[in-house]
Amino acid sequence: MGENLPLVWRKMPERYRLVGSKCLNCGRIYFPRRKICPHCRRKGKIVDIKMPEKGKIYSFSEVHSAPPGFENELPYFVAIVELQNGIKLFSMLADSPRNKIRIGAPVKMVFRKITENDGKGIIAYGYKFKVL
Amino acid sequence: MVGIVSYGAYIPRYRIKVSDIARVWGKDGEHVSQGLRVKEKAVAAIDEDSCTIAVETAKQALGRADIDPRNIGAIFVGSESKPFAVNPSASTVAEAIGAVPNVTGADLEFACKAGTAGMQAVYGMVKSKMIKYGMAIGADTAQGKPNDALEFTAASGGAAFIIGDQNVIAELEDTCSFSTDTPDFWRRAHQEFPEHGGRFTAEPAYYKHVIGAAEMLREKMGFDYDDFDHVVFHQPNGKFPLRAAKKLKIPFEKLSAGYISPVVGNTYSGNVPLALSAVLDIAKPGEKILVVSYGSGAGSDAFSFKVTPNIKKVRKAPFVKDFIEDKVYIDYAIYAKFRKKIKSI
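Heads up: the sequence lines are chains G and Z, in that order.
Okay, so the first sequence: first residue is 5 according to the working numbering, each after it adds one.
Okay, so the second sequence: first residue is 2 according to the working numbering, each after it adds one.
Read the hints as simulated data drawn from the structure, not as lab findings.
One or more of the hints may lead you astray.
Straight-line distance between alpha carbons at most 27 Å, and here's what the computed DSS-like set of lysine-lysine pairs gives [to be verified]:
id, chain 1, residue 1, chain 2, residue 2
1, Z, K317, G, K60
2, Z, K322, Z, K40
3, G, K58, Z, K328
4, G, K104, G, K60
5, Z, K313, Z, K285
6, Z, K130, Z, K307
7, G, K117, Z, K285
8, G, K134, Z, K322
9, G, K134, G, K15
10, Z, K328, G, K60
11, G, K112, Z, K328
12, Z, K250, Z, K240
13, Z, K338, G, K117
14, G, K117, Z, K341
15, Z, K344, G, K124
16, G, K58, G, K124
17, G, K134, Z, K18
18, Z, K328, Z, K338
19, Z, K338, Z, K18
20, G, K112, Z, K240
21, G, K58, Z, K313
22, Z, K289, Z, K317
23, Z, K317, G, K104
24, Z, K285, Z, K322
25, Z, K317, G, K124
26, Z, K314, Z, K285
27, Z, K338, G, K104
28, G, K134, Z, K338
29, Z, K328, Z, K317
30, Z, K341, Z, K146
31, G, K117, Z, K328
32, Z, K40, Z, K342
33, G, K54, Z, K314
Which stretches of chain G does chain Z cover? Using the computed rule of at least three CB atoms under 8 Å from a CB of chain Z, they are [claimed, not checked]:
id, region
34, 58 to 69
35, 114 to 121
36, 127 to 134
The beta-carbon is built from N, C-alpha and C at its ideal position, and this holds for glycine as well.
From just these sequences and the hints, can you work out the full model?
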């Protein structure tokens, strides 16, 4: 099953460049992007902000039963990555040998294919993280 | 002064040994490896393609120099393994580095020389003041048909160059091209793997055009090959560039810094760009570099570069040798999965 085309397009700033949001009223940073600050509500002023591309593994898991479209990559690792600014995001890990994947391991963003949408649809590119 | 302002290279982590490919097809691996002078080749992971490689090289190039991506006015991606037949990698690169929307670009194809064709295009645009900076990328996940001679060398990798007229690290002194209709290698529309003319790819194709372009530039600029400290010739294998150098009486020492195909393979449009990146990694101010690409079909682009003191400002890791050394060997089965040579995936 393929990803919805407008969704792939809408997510490009986040997936390609790790663009998140910052509220200029309270200073809070969000990823993925938000349209309003849930703390400041209508007083908030949300602007785009680029996230750092380096961080560390906060937690991880090895996947042996994949959702459709990811079967050929099994087994693979997913992780909650804590970026250098404290933001946590969920990501697949790429090119990372099992013996180097541990909580606290330093990682950096790489640009990879996320899903090919059955080989006919649009290719969804985006971030994965690689253990340094 | 117009020339290279920054550069970035990328080689995927995975390698397969030529001897492993030879074993599958019942050939003498040592004999094949020695004949081609290629020991192993770089293989893109299952989630990589020429577009992801192009983006990685573009980010490396931007990371080396303090350039606002919004000042990049053109992006050309040379590749013969585009993930889409229609839908440009150039716009994906532009979006991924934040160069959108005030940017033009296109994907170029001229077999193995599309990367250097892009360099010539952005050089002209910068020199004519049409744009402030331009980016030319050569990137490929080259495909060789199983049990074909090309399978031993067709590899993955690429490099990007930002061309501009400020803080130039390598002045592009002059360039010219030598092109004829010589169909030594091709891939028809909708075909998965390329075909080639066997030995026809050598004398009337590679050597005629590489030497023709080098001699054309020599006559145009009036140089002597001894004037150059480094020479980069396209490396479809490890043998051809050595023989081309011998024909022009250029000693191997001048080729050595960019002689990467024995341990990387032929990264097609990314081949000469990667080799030039390896030279820039170690080149000293004042040194001169002769570069001659080759693309089947057929043509060669020749360039004369002069390295400036600014090279020291962009000398930041990762270097090409770091990518070469950071490797994980895979066997033919994993290689077949990664490169989708298994028909059901």
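Against the structure, the hints:
For the proposed pair K317 (chain Z) and K60 (chain G), the alpha carbon gap of about 23 Å is at most 27 Å, so the pair holds. The suggested pairing of K322 (chain Z) with K40 (chain Z) holds, with an alpha-carbon distance near 16 Å, which does not exceed 27 Å. With a CA separation close to 21 Å, the supplied pair K58 (chain G) and K328 (chain Z) stays within the 27 Å bound. Using a Cα cut-off of 27 Å, the hinted pair K104 (chain G) and K60 (chain G) holds, with the two alpha carbons roughly 12 Å apart.
Pair hint K313 (chain Z) plus K285 (chain Z) holds up; C-alpha atoms about 8 Å apart against a cutoff of 27 Å. Restraint check for K130 (chain Z) and K307 (chain Z): the C-alpha separation of about 21 Å stays at or below 27 Å, so the hint holds. Among the hinted pairs, K117 (chain G) with K285 (chain Z) is inconsistent with the structure: their alpha-carbon atoms are about 38 Å apart, more than 27 Å. For the hint pairing K134 (chain G) with K322 (chain Z), the CA-to-CA distance comes to about 19 Å; that is within 27 Å, so the pair holds.
At most 27 Å may separate the alpha-carbon atoms for a hinted pair to count; K134 (chain G) and K15 (chain G) meet this at roughly 21 Å. Restraint check for K328 (chain Z) and K60 (chain G): satisfied, since their Cα atoms lie roughly 22 Å apart, inside the 27 Å limit. Distance restraint check for K112 (chain G) and K328 (chain Z): the Cα-Cα separation of roughly 17 Å lies within the 27 Å cut-off, and the hinted pair is therefore satisfied. Among the hinted pairs, K250 (chain Z) with K240 (chain Z) is consistent with the structure: their alpha-carbon atoms are about 15 Å apart, no more than 27 Å.
At most 27 Å may separate the alpha-carbon atoms for a hinted pair to count; K338 (chain Z) and K117 (chain G) meet this at roughly 15 Å. Distance check on the hinted pair: K117 (chain G) and K341 (chain Z) sit about 14 Å apart at the alpha-carbon level, within 27 Å; holds. Pair hint K344 (chain Z) plus K124 (chain G) holds up; C-alpha atoms about 15 Å apart against a cutoff of 27 Å. Among the hinted pairs, K58 (chain G) with K124 (chain G) is inconsistent with the structure: their alpha-carbon atoms are about 33 Å apart, more than 27 Å.
Distance restraint check for K134 (chain G) and K18 (chain Z): the Cα-Cα separation of roughly 24 Å lies within the 27 Å cut-off, and the hinted pair is therefore satisfied. Our distance criterion of 27 Å between C-alpha atoms is met by K328 (chain Z) and K338 (chain Z), whose separation comes to about 18 Å. For the given pair, K338 (chain Z) sits about 16 Å from K18 (chain Z) by alpha-carbon distance, which is consistent with the 27 Å threshold. Taking the CA atoms of K112 (chain G) and K240 (chain Z), the gap is about 37 Å. The hint is violated against a cut of 27 Å.
A threshold of 27 Å between alpha carbons decides the hint, and for K58 (chain G) with K313 (chain Z) the separation of about 25 Å falls inside it, so the pair holds. This hinted pair checks out: K289 (chain Z) and K317 (chain Z) have alpha carbons roughly 21 Å apart, not beyond 27 Å. Annotation: proposed proximity of K317 (chain Z) to K104 (chain G) holds, straight-line Cα distance about 25 Å (limit 27 Å). Of the supplied pair hints, the one linking K285 (chain Z) and K322 (chain Z) holds, its CA atoms being roughly 17 Å apart against a limit of 27 Å.
Annotation: proposed proximity of K317 (chain Z) to K124 (chain G) is violated, straight-line Cα distance about 39 Å (limit 27 Å). For the proposed pair K314 (chain Z) and K285 (chain Z), the alpha carbon gap of about 12 Å is at most 27 Å, so the pair holds. Taken as a hint, the K338 (chain Z) and K104 (chain G) pair is honoured in the structure, with Cα atoms around 23 Å apart against an allowance of 27 Å. Pair hint K134 (chain G) plus K338 (chain Z) holds up; C-alpha atoms about 21 Å apart against a cutoff of 27 Å.
For the proposed pair K328 (chain Z) and K317 (chain Z), the alpha carbon gap of about 20 Å is at most 27 Å, so the pair holds. Restraint check: the Cα-Cα separation between K341 (chain Z) and K146 (chain Z) comes to about 11 Å, which is no more than 27 Å; the hinted pair holds. With a C-alpha separation of about 20 Å, the suggested pairing of K117 (chain G) with K328 (chain Z) holds against the 27 Å cut-off. A threshold of 27 Å between alpha carbons decides the hint, and for K40 (chain Z) with K342 (chain Z) the separation of about 21 Å falls inside it, so the pair holds.
A distance of roughly 25 Å separates the Cα atoms of K54 (chain G) and K314 (chain Z); the hinted pair therefore holds under the 27 Å criterion. For the region 58 to 69 of chain G, the stated coverage by chain Z is violated: 0 residues have a C-beta nearer than 8 Å to a C-beta of that chain, whereas at least 3 were required. Coverage of a stretch by a chain is defined here by at least three residues with a beta carbon nearer than 8 Å to that chain's beta carbons; for the region 114 to 121 of chain G and chain Z the count is 5, and the condition holds. Only residues whose C-beta sits within less than 8 Å of a C-beta in chain Z count toward coverage, and the region 127 to 134 of chain G has 3 of them, enough to reach three; the restraint holds.
Consistency with the previously given hints fails for numbers 7, 16, 20, 25, 34, ordered from lowest to highest.
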